[in-house]
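*Asks:* For reference, the chains in residue letters:
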Amino acid sequence: MQDATAAALEVRDLDIAYRVRGRDRQVIRGLSFRIGRGETFGLVGESGCGKSTVALAVTRYLPNNGRVRAGGIRIAGEDALAMDAAALRRLRTRSISMVYQDPGRALNPSIRVGQQVAEVFEIAGVPASERMDRAEAMLERVRIVDAGRVMSRYPHQLSGGMLQRVVIAMALAVDPTLLILDEPTTALDATVEAEVLDLIETLRAEMGSSVLFIGHNLAVISRMCARVGVLYAGTLVEEGPTRDVFAGPRHPYTVGLLRCLPQAGLSKHKTRLDTIPGFLPTSLAGIRGCVFAERCGLAQDICRAEEPPLIPVSEGRLSRCHFHEQAPDLPRSTPPAPLANRQKTQAFRPVVRAAGIGKTFGSPTAPIYALRDISIEIWPGETLGLVGESGSGKTTLAKLLLGLTAPDPDGVIELNGQKLAPVATKRQPAELEALQIVFQNPDAALNRSQTIRRIISRPMRKLGGYRGGKLATKLTELMSHIRLAERYLPMRPRQLSGGLKQRVAIARAFAGDPRIVVCDEPTSALDVSVQAAILNLLADLQAEQGVSYLFVSHDLRVVRYISDRIAVLYLGRLMEIGPAEAVFLGPHHPYTESLMAASASEEAGGSLRLKGEIPSAMRPPSGCVFHTRCPRKIGAICEEQEPALIQREGDHAIRCHLERDQLGRADARP
Amino acid sequence: MRLYRAILYRLMLAVITLWLLSVIVFAGCQILPGDVGRAILGPFADARSVAALNHQLGVDRPLLVQYWSWITGMLHGNMGQSYTYRAPVAPFIGHALLNSLKLAGIAFVLVVPLGILGGVVAALRVNTWVDRTIVIAGLSATVVPEFVSGIVFIMVFSIWLRIFPLTATPPSHAGFFTTIYYLLMPSIPLFMILFGYIARMARAGMIEALTSDYTRTAVLKGLTYRQVIWRHVLRNALLPTITVIATQTGYLIGGLVVVETLFNYHGIGSLIFAAAKAKDFPMLAAGILVIGVVYVGANLIADLLYSALNPRISFGGRE
Ligand code: SF4
Ligand code: SF4
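Those sequence lines, one after another, are chains A and B.
Residues 1 to 670 in the numbering used here are what the first sequence lists, from first letter to last.
Residues 1 to 319 in the numbering used here are what the second sequence lists, from first letter to last.
Hints are supplied without guarantee of correctness; some may be wrong.
[Stated by the list, open to error] Okay, the calculated beta carbon distance ranges per label pair:
{"no.": "1", "chain 1": "A", "residue 1": "Arg448", "chain 2": "B", "residue 2": "Thr72", "range": "36 to 46 Å"}
{"no.": "2", "chain 1": "B", "residue 1": "Tyr67", "chain 2": "A", "residue 2": "Ser363", "range": "30 to 40 Å"}
{"no.": "3", "chain 1": "A", "residue 1": "Thr365", "chain 2": "B", "residue 2": "Tyr4", "range": "18 to 28 Å"}
{"no.": "4", "chain 1": "B", "residue 1": "Thr243", "chain 2": "A", "residue 2": "Ser363", "range": "41 to 51 Å"}
{"no.": "5", "chain 1": "A", "residue 1": "Ala6", "chain 2": "B", "residue 2": "Ile301", "range": "54 to 64 Å"}
{"no.": "6", "chain 1": "B", "residue 1": "Ile301", "chain 2": "A", "residue 2": "Gly417", "range": "51 to 61 Å"}
{"no.": "7", "chain 1": "B", "residue 1": "Arg235", "chain 2": "A", "residue 2": "Met207", "range": "50 to 60 Å"}
{"no.": "8", "chain 1": "B", "residue 1": "Thr128", "chain 2": "A", "residue 2": "Ala85", "range": "30 to 40 Å"}
{"no.": "9", "chain 1": "A", "residue 1": "Pro621", "chain 2": "B", "residue 2": "Thr128", "range": "53 to 63 Å"}
{"no.": "10", "chain 1": "A", "residue 1": "Val423", "chain 2": "B", "residue 2": "Val15", "range": "25 to 35 Å"}
{"no.": "11", "chain 1": "A", "residue 1": "Ser363", "chain 2": "B", "residue 2": "Tyr4", "range": "12 to 22 Å"}
{"no.": "12", "chain 1": "B", "residue 1": "Thr128", "chain 2": "A", "residue 2": "Gln326", "range": "19 to 29 Å"}
It should be emphasised that the hints constitute simulated quantities derived from the structure, not laboratory data.
Positions of the beta carbon are idealized from the N, C-alpha and C atoms, including for glycine.
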């Protein structure tokens, strides 16, 4: 029976292995932690650290080849590992619920949403006549407007944010003792993420559930969890109150992780990001000492010989490090000074100039303006950051520049002053060579059946006309620029890690000496330590070769770090464009302000939180397209008249009716 | 509204496909034989009677005129005169089509449920001996050509064991069960080839659905295994299988030619085969066109069924 005083979750000396090709591969070793009633605990770590395996084990949903070899899991005092099928079902019905990453896949595509929520009540034994009403009430509780209508929808008819609310509604319907959240907002836009996190926080406080929050985003964890455990290679390396751990980490891995993040105020011109050298160990079997020793800048002989225990470092804090006192002084693994800019020539014209380009989909009677009247310039050696929620037109703009879709006829795109053909197939080889792209997902972008050598040398041959010895020299040169060891050349993409694959994709983009590279969320699929290395690489290449970037990203910290100027898009309109620091510090557009509020970690809401979702481009709001969500809306004028994009000071332009001193600024926020 | 538009669009595509087919068939039948009258009357007939016959058959008119009268005839159900039998083609085709549908129907009635069942069972017991047996059996059955398996069956069951008749054609006035008895063995080679395909599709769909996030959601809700499978897994898992089944009608028609000939059965396959050998072009053209109609119709039905079962297709559009 359940014990109301027992901890919500107690994990003790957990050891989990997967059986792969007849061998046990250990993924979790000696993991212990405890979540008290009503407590929020975060488990943070990079991909491959085993954090999702913990969630699977707690819900007893390990795949067939996974096995708990030792240790115990107790949920509300009950031994979860000893349960038979019936007891396990009871546990799942009443005590634990789970929300995971992609809400679009967590719901059954062929069953109406209402029925799926009602099913939870069915299992809980609610009579058939009440289930649908209870389901609707639950949907209202997760702040779904028009819940009655949503009930009769299929999942594909709802947006990601809405779906995640439905999943949360199902998870909280039975008032579980323990709520497990596995990267619940990773697939969502920053503004939607902020809303969903708010919602989880409020409901949790109301219901008093305990939370196990699993994630890689340190900012999100620090906002949601009172305590945090840092997981590295299946081992808990540090634990303590979240605020203390992140403010003064005492394990070199935590220190390294935090240093990888582009902090506010950092920029590629001032300092390179620190990275964590090396890779996650491929097998835990042979490690006798500290799991982090291979990558640790403080490692001594004792570290390789003797595994450190979890050492209490202060009240409620533990660190698994022999030298936890020195951890804050971990030496940098990369030199801090950015490369000297070798290509500091005075440019007299932009590399790329787009004037009045737009993109209209749909029929002439029902046009959908994906992008409307955009004019931008990108100068040699500079990075233009492009931000906005999904649906704002970021990707469409990138596609137009690349010629992947043709813009509406009246726009002009120029490369080095020469007018470009609207589609890539009509462009000259030299133009194609000059305009390259790096995608978010290197897997989709790299041909899986080809070797790295083939992938990289193909554009050299096709676009640059290199052959034989010249090709080999050029290849070697490029590999050293990209800092990719030549031993990878004969391998195929699947043999490489995500970060290395992205390096290959970058190498391919740089194979033909490009003038501008469109980077479409190039690091959003990567771990922070890998992201830091890729950002450094991009900055170094820019300093060395004077290349320009159009950098599309939803991560404002990354954009701020890498960009010289920033353009903000909303519903296909350019809302603001200007120097990065000016855009960030303000006075800035109310939309920019809201985006920043959503991404700010510590802020728990406030009036600036964006409400609702981006309207459909099919029916854009009248007047200022942002007026339906604008926290600073003036009144009727915003609904009736579209403001012009007006130069405020220098080359900082904002599309808003507000005067300069009425606009928000970063330092004015609490 | 979208649904009706989609249906209309598919119907249009079907009509265009059939029209193209008719052109190709017609062209093929015109170009290949050279002189139809000569082909019918043989090399020793005198030129005047050949010309007279050509005139009687209408093959001396301009091609476009011929095509027009042929295709309008077709549309009115008038399929022309058979060269071989000197009689209207339509009754032959109708009779043969009915026979073929019986044979194909039995094969389908057997293979669809069993194939799906095999796939589902294999997926539920994935990587066990049950799974391997089903997969390997399906795979090996698929690679045996139907004339090989057909001949083996005839030798074993008809000649050696004498359990089944040699021919597939039941005696006239045979009852329902007798007909099935006669058709059972000929349908087995077809069954063997299709079973592997269907089972493989069903298995893949099941495995995908079983490892999906929504199945995990269902399990973690606390549903029983049975409820999870019936409510959440099966429907999503079997959707793609439906399309495969429909596209297999194309294969089935090819298989029918072989099986019908082998088992001496008067179906559309053997009819076309005979017509091609005898250079009976009206019969050949009509037969091929009818098969085209059946094929296009089956695909149309599959499309509609798929969209009826899949909410993502029938309504479309996001909120
Ligand atoms: S124990 Fe040694 S190797 Fe491990 S983290 Fe501490 S200093 Fe580094
Ligand atoms: S014009 Fe009005 S609605 Fe639009 S951003 Fe400015 S204040 Fe907000």
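*Asks:* Falls inside 12 to 22 Å, the C-beta gap from Ser363 of chain A to Tyr4 of chain B?
*Replies:* holds, 18 Å
*Asks:* Does the hinted range 51 to 61 Å hold for Ile301 of chain B and Gly417 of chain A at CB?
*Replies:* Check passed, 59 Å falls within 51 to 61 Å.
*Asks:* Is the gap between the beta carbons of Tyr67 of chain B and Ser363 of chain A within 30 to 40 Å?
*Replies:* holds, 37 Å
*Asks:* Okay, Pro621 of chain A versus Thr128 of chain B on CB: inside 53 to 63 Å?
*Replies:* holds, 58 Å
*Asks:* Against the range 54 to 64 Å, how does the distance between the Cβ atoms of Ala6 of chain A and Ile301 of chain B compare: consistent or not?
*Replies:* Cβ of Ala6 of chain A to Cβ of Ile301 of chain B: about 59 Å, so the range 54 to 64 Å holds.
*Asks:* Falls inside 36 to 46 Å, the C-beta gap from Arg448 of chain A to Thr72 of chain B?
*Replies:* violated, 54 Å
*Asks:* Taking the Cβ atom of Arg235 of chain B and the Cβ atom of Met207 of chain A, is their distance within the range 50 to 60 Å?
*Replies:* violated, 33 Å
*Asks:* Okay, Thr365 of chain A versus Tyr4 of chain B on CB: inside 18 to 28 Å?
*Replies:* holds, 19 Å
*Asks:* Verify the CB-CB distance for Thr128 of chain B and Gln326 of chain A against the hinted window 19 to 29 Å.
*Replies:* violated, 54 Å
*Asks:* Do the beta carbons of Thr243 of chain B and Ser363 of chain A sit within 41 to 51 Å of each other?
*Replies:* Roughly 30 Å apart at Cβ, these two residues miss the hinted range, so it is violated.
*Asks:* Tell me if the beta carbons of Thr128 of chain B and Ala85 of chain A are separated by a distance inside 30 to 40 Å.
*Replies:* violated, 19 Å
*Asks:* Within 25 to 35 Å: is that where the Cβ-Cβ distance between Val423 of chain A and Val15 of chain B falls?
*Replies:* holds, 33 Å
Violated hints for the displayed structure, listed by number in ascending order: 1, 4, 7, 8, 12.
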